[in-house]
Amino acid sequence: MKRGFILLSLLLLATACERNTYSTYSNKNKVFFSCETSISPYNQLTTPGRFLAIRKGDGKLIITDSDGNKFEEPLTAIQSGSFIFGLAGLIVGTPMLNNDDMSIWAFDLGCPECDSPGTRIKFDLTGNASCAKCGGTWSLNTNGFPTDDKSRPLYRYPTSFNNGILTVSN
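Number 170 marks the last residue of the sequence shown (the numbering used here); no jumps.
Misleading hints may appear alongside valid ones.
Listed below are the simulated BS3-like cross-link pairs for lysine-lysine, each with C-alpha atoms no more than 27 Å apart in a straight line [as the list claims (entries may be wrong)]:
{"id": "1", "residue 1": "Lys133", "residue 2": "Lys122"}
{"id": "2", "residue 1": "Lys122", "residue 2": "Lys56"}
{"id": "3", "residue 1": "Lys56", "residue 2": "Lys70"}
{"id": "4", "residue 1": "Lys70", "residue 2": "Lys122"}
{"id": "5", "residue 1": "Lys133", "residue 2": "Lys70"}
{"id": "6", "residue 1": "Lys70", "residue 2": "Lys30"}
{"id": "7", "residue 1": "Lys60", "residue 2": "Lys30"}
{"id": "8", "residue 1": "Lys122", "residue 2": "Lys150"}
{"id": "9", "residue 1": "Lys30", "residue 2": "Lys122"}
{"id": "10", "residue 1": "Lys122", "residue 2": "Lys60"}
{"id": "11", "residue 1": "Lys150", "residue 2": "Lys133"}
{"id": "12", "residue 1": "Lys70", "residue 2": "Lys60"}
{"id": "13", "residue 1": "Lys56", "residue 2": "Lys133"}
{"id": "14", "residue 1": "Lys133", "residue 2": "Lys30"}
Derived CB-CB ranges, DEER-like [stated by the list, open to error]:
{"id": "15", "residue 1": "Asn162", "residue 2": "Gly135", "range": "33 to 41 Å"}
{"id": "16", "residue 1": "Thr47", "residue 2": "Asn162", "range": "14 to 22 Å"}
{"id": "17", "residue 1": "Asp149", "residue 2": "Leu75", "range": "38 to 46 Å"}
{"id": "18", "residue 1": "Asn69", "residue 2": "Leu97", "range": "20 to 28 Å"}
{"id": "19", "residue 1": "Thr126", "residue 2": "Ser82", "range": "28 to 36 Å"}
{"id": "20", "residue 1": "Met96", "residue 2": "Phe71", "range": "19 to 27 Å"}
{"id": "21", "residue 1": "Thr126", "residue 2": "Ser103", "range": "14 to 22 Å"}
{"id": "22", "residue 1": "Phe145", "residue 2": "Leu125", "range": "17 to 25 Å"}
{"id": "23", "residue 1": "Asp101", "residue 2": "Thr126", "range": "17 to 25 Å"}
{"id": "24", "residue 1": "Asp115", "residue 2": "Thr46", "range": "25 to 33 Å"}
{"id": "25", "residue 1": "Tyr25", "residue 2": "Leu97", "range": "13 to 21 Å"}
{"id": "26", "residue 1": "Lys28", "residue 2": "Gly135", "range": "20 to 28 Å"}
{"id": "27", "residue 1": "Asp67", "residue 2": "Thr137", "range": "17 to 25 Å"}
Hint data in this document are derived by calculation from the structure and do not stem from the laboratory.
Glycine included, every Cβ here is placed at the ideal spot set by N, Cα and C.
Model the full structure from these sequences, guided by the hints.
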């Protein structure tokens, strides 16, 4: 009887615990994007500390760099059908910190706290990002981790870089 009570207690305790695990990459929102980094404005992506915001507009890509310059690029029919931009678009670039192999990182342009396609974060030349709606702040140079104590990390997506072609895909 005692043994049954102990086993039942342990079983209830094990199922009552919440799992707070952290994964480097997000699978919450699907993403697929590719570009050639030798062509402007994508050539900024290989420079440490430079990031681009990339989102889908009406039949075009809208690309904004860290300086606030906007570029528009028409989408081909194939690109329009195959590119998937996560929750609200992408932030792609090369961080200045914690990046010994100088790899290109990709984050979602959507705020992970607001979790809405209409709420995009903004970022500056120093790699600091913020949400005007909820006030959350993050550093693009430190894995998208929050710089305040209330936010969760930005959604980050896997990247691959081969022969000058960058692919963001999960």
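If I claimed the Cβ atoms of Asp101 and Thr126 lie 17 to 25 Å apart, would that claim hold in this structure? Hint holds: Cβ distance 22 Å, inside 17 to 25 Å.
Given the hinted pair Lys122 and Lys56, is their alpha-carbon gap at most 27 Å? Given pair Lys122, Lys56 holds - Cα atoms ~16 Å apart, limit 27 Å.
Can you tell me whether the CB distance of Asp149 to Leu75 sits inside 38 to 46 Å? Since the Cβ atoms of Asp149 and Leu75 sit about 40 Å apart, the hinted range of 38 to 46 Å holds.
CA of Lys60 to CA of Lys30, is that 27 Å or under? 19 Å, holds
Within 20 to 28 Å: is that where the Cβ-Cβ distance between Lys28 and Gly135 falls? 22 Å, holds
Hinted pair Lys122 and Lys150, Cα distance within 27 Å: It holds: about 18 Å lies between the C-alpha atoms, which stays within 27 Å.
For the pair supplied as a hint, Lys70 and Lys60, is the alpha-carbon distance within the 27 Å limit? 12 Å, holds
Take the C-alpha atoms of Lys133 and Lys30, compute the straight-line distance between them, and say whether it is at most 27 Å. 24 Å, holds
Should the hint that Thr126 and Ser82 are 28 to 36 Å apart at their CB atoms be regarded as holding? 34 Å, holds
May I ask you to test the hint 13 to 21 Å on the CB atoms belonging to Tyr25 and Leu97? Because 19 Å falls inside the window, the suggested range holds.
Holds or violated: Lys70 to Lys30, with C-alpha atoms at most 27 Å apart: 25 Å, holds
Given the proposed pairing of Lys30 with Lys122, does the C-alpha separation stay at or below 27 Å? 21 Å, holds
In the structure shown, no violation is registered for any of the earlier numbered hints.
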